[in-house]
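Protein chains in written order, with numbering that gives the first Met the number 0: chain A, 0 to 536; chain B, 0 to 382; chain C, 0 to 248.
What the hints contain is simulated information worked out from the structure, not anything from laboratory work. Beta carbons: idealized from backbone N, C-alpha and C, even for Gly. Where hints are given, some of them may not hold.
Facing chain B, according to a computed beta carbon distance under 10 Å, are these residues of chain C, among others [unchecked claim]: (1) Arg-74; (2) Asp-76; (3) Gly-86; (4) His-98; (5) Asn-103; (6) Leu-106; (7) Lys-109; (8) Ala-110; (9) Arg-115; (10) Ala-124; (11) Arg-193; (12) Ile-195.
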Amino acid sequence: MRDVHGRVAALVFALGLILAGATVAHAGPYEDALAKFTEGSLSDTGDGINGVAVSGNPLAERVLAALKDGRLMFSAEKKTVYIQAKNGKLFDAFTGKPFTGKPPDDIDNVIVNNRLRNVIDADLGALTLMSRNSNRRFDAAQAVFRSRDLSVLPNVEKALAEETDPRTKRALEQARAAILLYDAKSSAADKIAATAVIGDRGDQDSLGLLDGLPPDLPPAVHAAVAAARASIAHTLALWNGVQNAWYGLSLGSVLLLAAIGLAITFGVMGVINMAHGEMVMLGAYVTFVVQQAIRAYDPNLFDYSLAIALPLAFAVAGGVGIVIERTIIRFLYGRPLETLLATWGLSLILQQTVRTIFGPTNEDVGNPSWMSGAFDFGGITITYNRLWIVCFAFAVFLALLAILRYTRFGLEMRAVTQNRPMAASMGIRTGRVDALTFGLGSAIAGIAGVALSQIDNVSPNLGQGYIIDSFMVVVFGGVGNLWGTAVGALTLGIANKFLEPYAGAVLGKIAVLILIILFIQKRPRGMFALKGRTVEA
Amino acid sequence: MTRHLLIRSLDRGAVTFVIVVAALAIIVPVLNLATPASSALHLPTYLVALFGKYACYALLALSIDLIWGYCGILSLGHGAFFALGGYAMGMYLMRQIGTRGIYANPILPDFMVFLNWKALPVYWYGFQWFPYALLMIFVVPGALAFVFGWFAFRSRVSGVYLSIITQALTYALMLGFFRNNFGFGGNNGLTDFKDLLGFNVQAETTRNALFSISCLAVVLAFLLCRVVIASKFGKVLVAIRDAEARARFLGYRVESYKLFVFTLSACMAGLAGALYVPQVGIINPSEFAPGNSIEAVIWVAVGGRGTLVGAALGAVAVNYAKTFFTGGMLAPYWLFVLGGLFVVVTLLLPRGIVSTLRHWTALQRDGASAAAEDGVAEPLPAG
Amino acid sequence: MEPLTSALLYLDGVTVSFDGFKALNNLSFAIAPGEMRAIIGPNGAGKTTMMDVVTGKTRPDAGEVLFDGRHNLTRLDETEVAALGIGRKFQKPTVFDNHTVSDNIELALKADRRARAALVWRETAEERRRVDELLEIICLAAARDRLAASLSHGQKQWLEIGMLLAQDPKLLLVDEPVAGMTDTETRQTAELLRAINREHTVVVVEHDMAFVRELGVKVTCLHEGAVLAEGTIDQVSTNKRVVEVYLGR
Ligand SMILES: Nc1ncnc2c1ncn2[C@@H]1O[C@H](COP(=O)(O)OP(=O)(O)O)[C@@H](O)[C@H]1O
Ligand SMILES: [Mg+2]
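Excised from the complex, chain A in its bound form (with noise of 0.2 Å):
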């Protein structure tokens, strides 16, 4: 019985086989097409690009794309071409079957230039516009947008009346008008409609799109053009200013993150800690050895290795911050400058002491699942990282503001800034109080240097480039004043990404930092100053 299956199969297979090389005898047009690829000249490609496309074969797309890859190989001796996958599986660009047995001694992939991968493009967004998946659809309008090949057209116009999902439909609309534009034939009143059309997308591609137009256009639609030329500059002027105003507040929160510790321990009690720096680079070496013990023990668990590590983070640089306090600050309060000097000396010996542990180059942090990637928004884009850690420094902002104002500890806290020794004899022990908002104001640095960590290179000298960045905001905010603080951040981080485009990024930094000099001139306790005896001793 076994061997009766056994014949049968075979004879369906072989069957199969006939049946399949005489569809290759019997060769229809997307068979013509992939014969042309085996000429080896480029015209002959070309041809066999287009026949491919057009030929309604469901395996054209594949082929296209594996063309425009450069995984389409073919034997001219076989007459034979081949559908190389990305593991370098081959298969049989005429069956679409796996290729099974030895491949010919003269394989060689298809040779294409970029004017063939443009028509590829084109092509494969055509092939795609009647796919079932919207987004597709959408991508493959935009390409034929791009490539505006003329070609496409039918489907396009086609497509065009069977979408229903408004964004594709707009950007088939778009690809329509690119079309038109760039078509010789099309009627005067057709151009002016394409570049109203084309004005209203208003991004790079299309002002491109506008700008590579032939000069000899009829004086109307030259009008339009102009016209669209200059409603789509103002818009991405527009989209500019969004994109340095969302740098901006990206570049700010990051400081507000920095500085926020630091407005504690300075604004409220005086205490200039040159060491804060590194609190940040504690809490991003955290990170760092969660992510490893992660890697280590179980790596299902990384995407949770922030939220592992901010609770750490906060504990560890806390607990550095209160020894700190403890062994050597409390020693010198009202010795401002000494206390400056002490703590610049532990900033040594903490980058030195990281150093000697984990190596002075950087560490690798890797960046959760939910952190990685990006997301367009209108003209910008947006990176899930940035945008999580400017959720993150206004959770942790709001949150130290909420603590400050609704807990004891921030009564208290707030009662010492104000009046030590009445809040001393109140019966509040000033030293304890002093112990935990440095640090609290350290915590938070820590649990900073776990954000930081998804942004910047996790090294000893991390903290290094946050502490001069950081007095500035807490000085041009105004000292003791959390308010000031964020806002003095959010003002030079988006000071300086506005000035970035004129200045460089150097200079825009030189030039903030003048700036801040000259302000504290007019201002010099800052924008939001407390103005009372407390902050005059």
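Since the structure of chain A is provided, determine the placement of chains B and C with the ligands on it from the hints.
Frame of chain A, contents of chains B and C with the ligands only:
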């Protein structure tokens, strides 16, 4: 007039200091040049260069002590003035290279040719003349200090605020000098110097001469500081340091006093940088690093601020320790030592070594009344 | 410029507020040349703030402060006010701790205050004589070479008064000169102030009623930043509202 002040301004410690430094200026070159290499007394040339570096550091420390010890201005940006003086000297030395550079351009320094620059930037004009460069060594740091100080002191930025913005100042300059288009050689700075006033900078005799000149500069700067401090101006400085408001209400224009002494101090730092550059053979933007400035402050703190002698000794002592540590297997521990020094000195030795010693000897002699002798360092200045 | 008033010091409608809190509230009074005036008032009445305004330390939000009938003090800073001839003793004694007693006086002596002048200054015999004289007046001749830091609290108060005298100002503002003094010292201080008043106009701020009585001069009582009562010590201390303020309601 001045002689009178000078004499009044010298106590025993100061005289000893001047004599020792002056003697070193003579003995070191003699031991290097006049003794055979085999002799036990011979001092190798590399040590002469090293001592020359120490002398420049001592000068920088004096300049910091003048403002911090006597006027309470803690500048964390004095490295900037040092570096600017150094760059002024470096520019002169670059122009002296002439056609001996890799690109053999008679006017443009190599790095400009490399950047494809066609003409010398205007601010490089004149640096081929030594007198002009010498002037700039003082004028550039002095002018920056004057402008900065004018803004800062007028609006009464003081204490830690001032410290922080001086730090930002040197940081901003560092960022600027790192840029190629600033026209100061970017990252690499200025180097490959050939000669100074026609003398080969590598030559032994030149090195010895530079060492002696550095010692001389230390002596002169020291005497200048003493004269300033012994004058009524110096008394007003100390008055400002201890009770600024009182000084204002007495009618002293505090900002003028601060501005003068700050600018003077910046000029001294500039001179220190200018003497430093030919001895180490390079100046680059890392000299502006905030860490350098704050390290110089700790030299002063270690030696004892408000003592001048202590500042100079502190600079030499800390740098000797640095050479000792970073030269050998102990290199990784140097930062621990330096960091520890900051902590220990501020916590346990806030007067610094020299004033602590003075304090003890004074106590041993006869208690409080003798302590008054050195009115300036006693008791501990606030802040 | 013609003097606008014959008063040496003239405050009119001066208001100072700190974050909304009015430390001075429409304060007006005048001090005649050669007068000695005692200003009393409970803690926080605004006495020190009034001195801050007069000496240019604090800018008032509203009001006018005229010195000698022609100088608008609200536009000047401390140094300029001092140069006009107004000297001030702080509430907390402030002397130059690291200078000797005689140096303290010497720094206060009337002279060219400019940095340039200070660099080339040399003590003259006349100045030396003046220092000695002042040290006698404030009973610190024996301590002339001691550091000011080593003085007792009361001695520091006197040293500060001595420095005021050395300035030779037209107007002396003295903030709580007898705080922390023994009874004898207080009496001596009253005497000293009366002696000073022979040549200078003096405004004394004080809590100590016994001391004010000792001075025996016109009294102005401040409360919540405004004048509550004015007159002789007996009039003021029997004023119903003053009693209310001092004893609580
Ligand atoms: N710089 C300042 N900031 C805030 N409040 C102040 C300031 N100066 C004074 N005050 C307040 O103004 C009021 C008057 O103070 P002050 O003039 O010192 O009173 P007095 O000298 O009469 O005791 C007090 O309530 C004090 O708290
Ligand atoms: Mg008062």
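To see whether the hints hold, each was checked on the structure:
Here the hint on Arg-74 (chain C) is broken, as its CB sits about 16 Å from the closest CB of chain B, past 10 Å. Interface restraint check for Asp-76 (chain C): the shortest CB-CB distance to chain B comes to about 8 Å, inside 10 Å, so the restraint holds. Below 10 Å, beta-carbon pairs count as interface contacts, and Gly-86 (chain C) has one with chain B at about 7 Å; its hint therefore holds. Interface restraint check for His-98 (chain C): the shortest CB-CB distance to chain B comes to about 6 Å, inside 10 Å, so the restraint holds.
Because the beta carbon of Asn-103 (chain C) sits about 8 Å from the nearest beta carbon in chain B, less than 10 Å, this interface hint is met. Hint status for Leu-106 (chain C) relative to chain B: holds, with the closest Cβ pair at about 6 Å, below 10 Å. A cut of 10 Å between beta carbons decides the hint on Lys-109 (chain C): the least distance to chain B is about 9 Å, and the hint holds. Nearest Cβ of chain B to the Cβ of Ala-110 (chain C): about 9 Å, under the 10 Å cut. The hint holds.
Hint on Arg-115 (chain C) holds. Least Cβ distance to chain B is approximately 9 Å, under the 10 Å limit. Using the Cβ-Cβ criterion of 10 Å, the hint placing Ala-124 (chain C) at the interface with chain B is not satisfied: the shortest such distance is roughly 15 Å. With 10 Å as the threshold, the beta carbon of Arg-193 (chain C) stays out of range of chain B, its nearest partner Cβ sitting at about 23 Å, so the hint is violated. Interface hint status for Ile-195 (chain C): violated, as the beta-carbon distance to the closest one in chain B is roughly 17 Å, over 10 Å.
The structure shown violates the earlier hints numbered 1, 10, 11, 12.
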